[in-house]
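Trainee: Chains as they are written, first to last, in our numbering: chain A, 1 to 466; chain B, 1001 to 1368.
Just so you know, the hints here were simulated from the structure itself, not pulled from any lab data. Keep in mind that the hints are not guaranteed to be accurate.
[What the hints assert, rightly or not] Below, in silico cross-link-like pairs of lysine-lysine (DSS-like), each with a Cα-Cα straight-line distance of 25 Å or less: (1) B:1298 - A:179; (2) A:58 - A:43; (3) A:179 - B:1052; (4) A:359 - A:240; (5) B:1298 - B:1052; (6) A:393 - A:366.
All of these numbers come straight from a predicted model, not from anything done at the bench.
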Amino acid sequence: MPIDILMPALSPTMEEGTLSKWLKKEGDPIKSGDVIAEIETDKATMEVEAVDEGTLAKVLVPEGTENVKVNTPIAILAAEGEDVSKAAAGGAAAPAPAAAPAPAAEPAPVAAPAPAAPAVAAAPVAVTVASDPAIPAGTEFVAMTVREALRDAMAEEMRRDPDVFVIGEEVAEYQGAYKITQGLLQEFSADRVIDTPITEHGFAGLAVGAALAGLKPIVEFMTFNFAMQAMDQIINSAAKTHYMSGGQLGASIVFRGPNGAAARVGAQHSQDYAAWYSQIPGLKVIMPYSAADAKGLLKAAIRDPNPIVFLENEILYGHSFEVPKLDDFVLPIGKARIHKTGKDVTIVSFGIGMTYVVKAVEELAKDGIDAEVIDLRTLRPLDIDTVIESVKKTGRCVTVEEGWPQGSIGSEIAAQLMEKAFDYLDAPVLKVTGKDVPMPYAGNLEKLALPNVGEVIAAVKAVTYR
Amino acid sequence: MAVAKSQVGSKAASTEGRKVAASRAAKSPATSKSSASKSAGGAKAAIADFTKEQELAAYREMLLIRRFEEKAGQMYGMGLIHGFCHLYIGQEAVVVGMQMAIRTGEDQVITGYRDHGHMLAAGMDANGVMAELTGRRDGYSRGKGGSMHMFSIEKQFFGGHGIVGAQVSLGTGLAFANRYRKNDLVSLTYFGDGAANQGQVYESFNMAELWKLPVVYIIENNRYAMGTSVVRSSAQTDFSKRGASFNIPGEQVDGMDVRAVKAAGERAVAWCRAGKGPYILEMQTYRYRGHSMSDPAKYRSKDEVQKMRTEHDPIEQVRARLIDKKWASEDDLKAIDAQVRDIVNHSADFAQNSPEPDAAELWTDIVR
Ligand SMILES: Cc1ncc(C[n+]2csc(CCOP(=O)(O)OP(=O)(O)O)c2C)c(N)n1
Ligand SMILES: [Mg+2]
């Protein structure tokens, strides 16, 4: 059977090229590995090596031809023992890619035109997320700070699974720079509560390695500002390995610590990374507001087989909330919580952003505006369905967060609402965010840089046309 | 408040040549018998005695830093200063001695967040530093930087950095600029014992030696990084050897003795100016206060702190010599004390009376 020699793609982006020169002529014997032609792309001149053996029966594209599309037959090869003239006349019945680029250093391109029916699913696999577990009637609720809730979550999971360990700066002997790991060293020993040198990039990478080997690290960053030193390991190593390995291995690991502005600590120590991490496929990103969510979601995060970025907030650490007293209180990752139902406007927030919303909603009620409040809790996967359902009812949406405006979580929600709920919107979605500036130190400027209750109220009034 | 320009002591500058630190465990100032600087090979480097003028200048400079920091601590307690505030008390001899070894306002200085002492030693104005601590308009960063982020192009002080270790690469870059411009300036790059474990420190060391960059790496080993003592964080606690695999010479220096600091500084700076590349000085020092204002410092004993204060205090050492040599009377020293207190009190008043930055400042200086 004669074989078509096809125009090869010589780089991942090449779609066409110039067949600049034939080095073999019709009738020449061809051995595998022979350089048969030269091709020019906009980047370089490359040699075309033969893969199959036989005789060059016919040149289909003469040298000097420009814009030869990848995968166009450029010649016909008669296989050994075949009639060369017959082959030349009839062409190949079944074209086979007969030419390989040389040098073959570059990866095989996916330059072939897409077949009529796409071979891949057009949409990601939809994952249904369970609702919060029902809390049995009569369950006692106890007041607990976010700090205590986080500590308890770690302690409970460490008791449950010996592979869980905590690693970070000052987590053991100092009991945590913000006292989140208080008592863990005493209960679990220095084998499982590990003080590190100040080497974020190194210990984050080490923890990812340990996770690839099957352990379940909880990496505490003293604050997420310092996780920037470790960003590469979080994203390139933790988030992508499961995909890159075709699902063979992945990292069950939690990166946690305080995120965002504390108070008066200036530009390098006051950054909100919610939107940054929420962009990364392969990560799950959680940012709780209440102590109950902090506890239930941290336990879920530690059990989850994926890398999780768990964003806490220093100011919220000391806030108290009611937490159900249950032996094993685990919440679903990826499910927003309706903090308050309402009919006039949907306010979407998360983490410390909720503190502004909670106060604004009280004020708005006095003006007769009944807001529905959604606490996202998880930022990736983003529970947009819950937001859409609410907007179908209210027709209006305001988002609230401390992070910067461009590419914010609010931006993403606004875009998704426009795509998926445009017909339900009675007003543009408004975002309340931190100002588009590095965090200033001066007290008056810091106040201006952060969102405030007045801005939330103003945004709600704007979308409700009051 | 610049320190007196020092004469480069010819005795001190004589110990040239590549040194690799001796292989012995780090000796803390508390345990070291002598106050002399320990240099390569365990040899006791000669410490040039200070002249009367030098002793007086060093005394005054160190006292200024001490009193300034005490005042900052007080003002923090009164709610006038917020956020992170890291005091330099105990470590004064390091910056004052080093500053005496360089050309103030020409050679560059860069450090981390524990930076008030470095700025005062570099000749920056106490008023401007204190007003930045209170977040006011007359502060060095117009209130926008705070304790950890101040700069002065005039004094060639490049900050004031909050991310542990980041200033090491930056300081290496300052040295790169010197080499690029073919001038003979030197970059003094300060960082802590804790910072010495960051990866970018070693990436910088390699480039600095590879390209023979004029940078003195000054590791201020105050024995703790927050609550973690050096032995709990470091496999190699002799920081002068941290450049060994890059062939960077290093010395351990008694950082509580301003004369030892100056002498070592002069050796290091001369090495750099001669185009021989970087140099490491491990300053063995101690911070008396907690890491920052919120640190109860339970990780060390009161005795340990007390012992340092009574036996190794850098200011007391100079004071004793001044009295001993009859270069100053108690009254003379009291007069210096009073002058220094005046400067500090004035800076505190200034910092409280300076207005808050204008609201419009929120939106300025983002890009230029
Ligand atoms: C990258 C990074 N990680 C952690 C911190 C928090 N932090 C600030 S200072 C410090 C200790 C540094 O100790 P050292 O380098 O010895 O300097 P010292 O405070 O003793 O002057 C830590 C962990 C930070 N600012 N930056
Ligand atoms: Mg230290």
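Trainee: Decide, hint by hint, whether the structure agrees.
Mentor: Evaluation of the provided hints:
no. : hint            : verdict
1   : B:1298 - A:179  : holds (14 Å)
2   : A:58 - A:43     : violated (28 Å)
3   : A:179 - B:1052  : violated (50 Å)
4   : A:359 - A:240   : violated (40 Å)
5   : B:1298 - B:1052 : violated (40 Å)
6   : A:393 - A:366   : holds (21 Å)
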